[in-house]
Each structure stands twice: as C-alpha cells, then as structure tokens.
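Residues per chain, in single letters:
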Amino acid sequence: LAEIVDWIADDRQTLASLALVNSDCRQLARSCQFAAICFDYSPSAHAIVRALAEESSWRRDGAVLQPTIGACVRRITVSSDRRWVSARHPELSDSFFGNKVESHTDAQRLALEEEASKEYYNAYYGPLLAAISGAMPHLQTIAWHDRMEVDAGFFKAIFRSPAQHIKLARVPMDIPYHTTSVSA
Amino acid sequence: MPLRSLYLDVSLAFESRGPEVESGLSPFFETLLRRCAPSLESLVWLFHFWKADQPQISFGANPISFPRLKLLKLDRRADISPCALSALLNAPLRQLFLGPAPSTEAKKSLFISLSPLRNLDELVIPISPFGDFDAYVAFLEKHPRLRKLCIDPCSSELLDSGIIPLLSAGKFSNLRSLSLSWYEPSSDDAFDNSAVVRVAKESLAAIGTILPLEQLRLSTRTDGWRRRWLIDHDEMRSCLVALSNLKKLAICGDTYETDGSLHVVGYYSVRTVSDSERRDAEARPELDEDADSRNCDADDEDSDGASEYGRRSDEIWERAHRNRMLEQAEKYATTLPSLEWMYCGQRPMEIIDPFPGVSKFAVPLTEERDECFTFFENLFAMGPHD
Chain A
1 LAEIVDWIAD
11 DRQTLASLAL
21 VNSDCRQLAR
31 SCQFAAICFD
41 YSPSAHAIVR
51 ALAEESSWRR
61 DGAVLQPTIG
71 ACVRRITVSS
81 DRRWVSARHP
91 ELSDSFFGNK
101 VESHTDAQRL
111 ALEEEASKEY
121 YNAYYGPLLA
131 AISGAMPHLQ
141 TIAWHDRMEV
151 DAGFFKAIFR
161 SPAQHIKLAR
171 VPMDIPYHTT
181 SVSA
Chain B
185 MPLRSLYLDV
195 SLAFESRGPE
205 VESGLSPFFE
215 TLLRRCAPSL
225 ESLVWLFHFW
235 KADQPQISFG
245 ANPISFPRLK
255 LLKLDRRADI
265 SPCALSALLN
275 APLRQLFLGP
285 APSTEAKKSL
295 FISLSPLRNL
305 DELVIPISPF
315 GDFDAYVAFL
325 EKHPRLRKLC
335 IDPCSSELLD
345 SGIIPLLSAG
355 KFSNLRSLSL
365 SWYEPSSDDA
375 FDNSAVVRVA
385 KESLAAIGTI
395 LPLEQLRLST
405 RTDGWRRRWL
415 IDHDEMRSCL
425 VALSNLKKLA
435 ICGDTYETDG
445 SLHVVGYYSV
455 RTVSDSERRD
465 AEARPELDED
475 ADSRNCDADD
485 EDSDGASEYG
495 RRSDEIWERA
505 HRNRMLEQAE
515 KYATTLPSLE
525 WMYCGQRPME
535 IIDPFPGVSK
545 FAVPLTEERD
555 ECFTFFENLF
565 AMGPHD
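Order-wise, the sequence lines are chains A and B.
Heads up: the first sequence at position 87 corresponds to 87 in this note's numbering, and the numbers run straight through without jumps.
Quick note, this note's numbering runs 184 ahead of the 1-based positions in the second sequence.
In case anyone wonders, no lab produced these hints; they're calculated from the structure.
Just so you know, these numbers come straight off a predicted model, no measurement behind them.
Keep in mind that the hints are not guaranteed to be accurate.
[What the hints assert, rightly or not] Quick list of in silico lysine-lysine cross-link-like pairs, BS3-like style, CA-CA up to 27 Å:
1) B:Lys355 with B:Lys431
2) A:Lys167 with B:Lys235
3) B:Lys254 with B:Lys326
4) B:Lys515 with B:Lys431
5) B:Lys385 with B:Lys432
6) A:Lys167 with B:Lys254
[To be verified] A short, non-exhaustive set of chain B residues, derived as facing chain A with CB atoms under 7 Å:
7) Leu187
8) Arg188
9) Tyr191
10) Leu192
11) Asp193
12) Leu196
13) Val205
14) Gly208
15) Leu209
16) Phe212
From the three backbone atoms N, C-alpha and C, an ideal C-beta is built for every residue, glycine too.
When you get a sec, could you build the whole thing from the sequences and use the hints?
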C-alpha cells in the first residue's frame, strides 16, 4: 500500500479519495498531503492550525491514541497571503484600499488594525506556535515569512520544535529576547 | 534536535526602536548563535531593515566556536565586531559570502592576518569602495585553491591593477568559475557617449590565461536603463581564445553602436531602426515563423495605425538584435571549442552542434531579452538574497 501511495503522491485528488477508504489509508494519504504545509492565512490554513493546536494539547496530556496530522508534517512555511488577509478582515482592507478609504478616520483605521492584530495573535499565531512546539514530532524545516511582530514565545516555540532548518525572513521582533527564550 | 541551518534575517519592529532596546540586539544574536553554534552547518545572516547607527554586534567576552559551519553568507550591512567576524571565519568554511568591508583598522588587520581558510571552495566578495584594497588583495592571495570566485562589484582600478594580475599569475589553478564586475563611478545623468566604458584589453587578455576556467561572467555596472560597455567582441575573442575548457560565457552590461543612434548607453531603450536593422531582422526567418503566423491572425482583428507601427518597429529591432547576438555567439563557439552556453546582449543562448565537425549553431533560449538575474546569482554566486 505504501508503494502505491508513492505513485500517487503528487495527485491531490486521488490522495483525497484514498483518504476516505479507511483509517490506514487515511493516514497514508495524510503523510503526502501534509508533508509540506503553507500557512497562507486561508480558511484551510486556519483549520489546520486549529487541528494541530488540538493535537498539541492531546500530546501535552499524554493522550495520543489516534494517528495525527502533526506526525506527517516535515516542512512548514508561514507566509500570509495578502488576499486571504483582506478576505478575513474586510473592514480593515476597505479602510486602506478601494473607494471607502475616505470615509475612515485615522483613529478608526487604528482600531480596525488593533482588532485584526488581536485576531491574528489569538486565533492564528498563538495556536500555530503551540503546534510548532508540540504537535509536529517530525518537523524538519520552518520558513517564517510573516511580517507581524514576533515575541518571546516565538523563539521558545521554534527552539522547542525538532526542526533542523530554520528560515526567518525579514521577521520583526518587538524587543530582543536574549535571556528568556533563546538560551538553552 | 540540533539546528543545522539557520537563515537569520530579523530586526526590531519599527515601534520598538530606541537606544535602550537596540542595545539588547547584540546580546540577542550572541545568545542565539552560541546556542546553535555546535551543530550549525549553514548560516545566512542578513540585515534587511537594519539601521546604520545601531550598536555593533559582538559575541561578548567568550569566543564562540562554529566547528561544523560550512556555509556562511554575511550581508554587507552586517556591522559585526572584528572578534565576532574572526570567530565566524575560523570555521571550516567551504562557501563564503563575505559582505562586510575591511573599513576600519581592526577589520583591515583581520583580513590581512587571518589564517587561510583551508577548505574554502567558493568565495563571493562584493568589494566595497569603503574597504581597504590591500586588505582585499591579501585576503584573496591566501586562497589560491578556490574553485569559484565572484567579485561583484569591484572598482575598475582594483580589478585591473590588483585582482586580475593576481588571478592570472598561475597560482589559481583550481579556478573553474569566475565572475567579475567592473564598477566605474560616473555621472548618472550623462546621456551622451561620454558615459561609455571600455574594459582594458590587458585585463581581458590576463583573464584569458586562467586556463582551468569552465564558466566566466564579465560585467560592467548598470544603472537603470543605461548600459555602458561598448564591447568589441573580436577583441574579446582574441583575448579568450586559449580558454579551451570554457563551457559558459556571460557578458553583461554590454551595449552597441547603431547607425543613426547617438545614444550608445541607451541602446536597449531607444531601439533605433534603420536599414541595417531591417536587413538583419530578416536573417533568421526560421525563428520567427510561429510569431509571424500569430501576428497575421491578430492583424485581421484590429490594427491601430500608430501603435501597430511602434510594435512592428520594436519587433524589427529585437529580431535584428537577436540575430546579431546569435551570430556573435556562433563566432565564440568557433573560437572556444567547449562552449555550450553564451549570454550577451541580454540574450541567453545555447550552442548546439547538430553536425559535428561542420559548424555550430546558436539558438535563443528565451523569447525575449532577459537579465537572468536569479540564474546568474545561482550559477556564479551563492544564490540571490530574498
């Protein structure tokens, strides 16, 4: 069966069909479907973040009974797509682009920005860090391209993960963390 | 799991800047690298969004050792203390992109006194006008076993009188890949032909004595639309004739004279069409069959007189230019027996040999002119920064 999966590894639709056969097939399909994940802020990226964060809490409680998605992940790329950000925060997007720009004051724009940031950190970034630090035992590579500020928890998470290859591309930090998070 | 590769490009968020916070950056990098150093094999350390006046990065009192580090890429904006730089350069490096210039006395003496990097195969060293030229030459002199060298950019004076004589003196007997870029400061607003550059024939002839070369890229500074190197291909061929192993040759920043055009530096943007372009455009009709049949279809639908004329004129110019470059490439292929690939006039071309012993042909590899930036960075340097 594993050999067959090798043959269809690039065929997303066939993998999706295989996943529906039974739980063995599902896990085999997942090992290809989730080997490399791009977190682009799309609805499916949010869904995977939530699923992985949940798996990380099972792992923390020592209750990993069923095969997980996290075990299949080898590489993650975190790079939010502007279009998905606009789609998720339409009011914020309208305050910067399009024909409703004029109707927003700076204060309103700032409030919208804060609200969107809060959602990014609470519903996305936080669970994603939890997933990085505890839900992907075979993770090899992390590439982080998001331009939102990272905090101490970020460095803790990436150093807790098993990743051997880390790329931090133009990542802004809120303050430098020399004592808390990066030391061994 | 121990970290094997780290691509590190972090900076302080805009709101967080200020002397107190900035003073924490150096300890941050120190702690981070001290933690990864024992297992690290590859470090790309870049400084986008770095502020010029931020405190220098040092590794504190205890030196850090990088026993496995094989690849190091250090941005030119990296303001790293000589001690920290020396710790990084003491690693068993194979590939090195060395951005920081020997701009202070301490760094100059580091470049000069450093013991040779025994395993170094590839060196990419942009030579800053703020650096000390003797220090660069001394550094290069220590590494005659290099297989790949990219010096881009470099002042013409240093290339012609320091680096090329050093490379061509016979010591660099492993050098397979070389990329050099002549940087001639000139007034940017010059539109006339006073801005034209000619690379010294002596330098080209000296490069022609580096016999192990398999790939060679020669370029001159470009800025915006200006191309300044009024190249003499016959002279170039006579200089490179001995490079019998050369497989790939790239010439960048080259420009040409056209009948009726005053602007050699604007050759690619003015695109003057005269009788000779019309004639040369017809030289290889087999390459244009597909495009011509597409155009015929389009012509039936709509044709606006003026823009149609402009399009036709550009097309004639591009075809004439392409055909001239193909002709040059074929002449190079006659001179250089191993040549497989050639780039000049912004056209990448392949040399094919369908009937061995008869004559070789050059074929265009792209539909249009292409700067091939990423390709060159990958081929001659250590890949593009992104």
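For each hint, the structure was consulted:
Distance check on the hinted pair: lysine 355 (chain B) and lysine 431 (chain B) sit about 22 Å apart at the alpha-carbon level, within 27 Å; holds. The suggested pairing of lysine 167 (chain A) with lysine 235 (chain B) holds, with an alpha-carbon distance near 21 Å, which does not exceed 27 Å. A threshold of 27 Å between alpha carbons decides the hint, and for lysine 254 (chain B) with lysine 326 (chain B) the separation of about 18 Å falls inside it, so the pair holds. Taking the CA atoms of lysine 515 (chain B) and lysine 431 (chain B), the gap is near 14 Å; set against the 27 Å cutoff, the hint holds.
For a cut-off of 27 Å, the pair hint linking lysine 385 (chain B) to lysine 432 (chain B) stands: about 21 Å separates their Cα positions. A threshold of 27 Å between alpha carbons decides the hint, and for lysine 167 (chain A) with lysine 254 (chain B) the separation of about 17 Å falls inside it, so the pair holds. A cut of 7 Å between beta carbons decides the hint on leucine 187 (chain B): the least distance to chain A is about 6 Å, and the hint holds. For arginine 188 (chain B), the shortest C-beta to C-beta distance to chain A is roughly 4 Å, which falls under 7 Å, so the interface hint holds.
Proximity of tyrosine 191 (chain B) to chain A holds as hinted, the smallest CB-CB distance being about 4 Å (cut-off 7 Å). Given hint, leucine 192 (chain B) at the interface with chain A, holds; its Cβ is 6 Å from that chain's nearest Cβ, closer than 7 Å. Nearest Cβ of chain A to the Cβ of aspartate 193 (chain B): about 5 Å, under the 7 Å cut. The hint holds. For leucine 196 (chain B), the suggested interface contact is upheld, since its CB lies about 6 Å from the closest CB of chain A, less than 7 Å.
Because the closest C-beta pair between valine 205 (chain B) and chain A is about 6 Å apart, less than 7 Å, the hint holds. Taken as an interface hint, glycine 208 (chain B) checks out: its beta carbon lies about 4 Å from the nearest beta carbon of chain A, inside 7 Å. A distance limit of 7 Å between C-beta atoms decides the matter here; for leucine 209 (chain B) the minimum to chain A is near 5 Å, and the interface restraint holds. With a cut of 7 Å, the hint placing phenylalanine 212 (chain B) at the interface with chain A holds, because the nearest CB-to-CB distance is about 4 Å.
Figure legend: structure checked against the earlier numbered hints; every hint is met.
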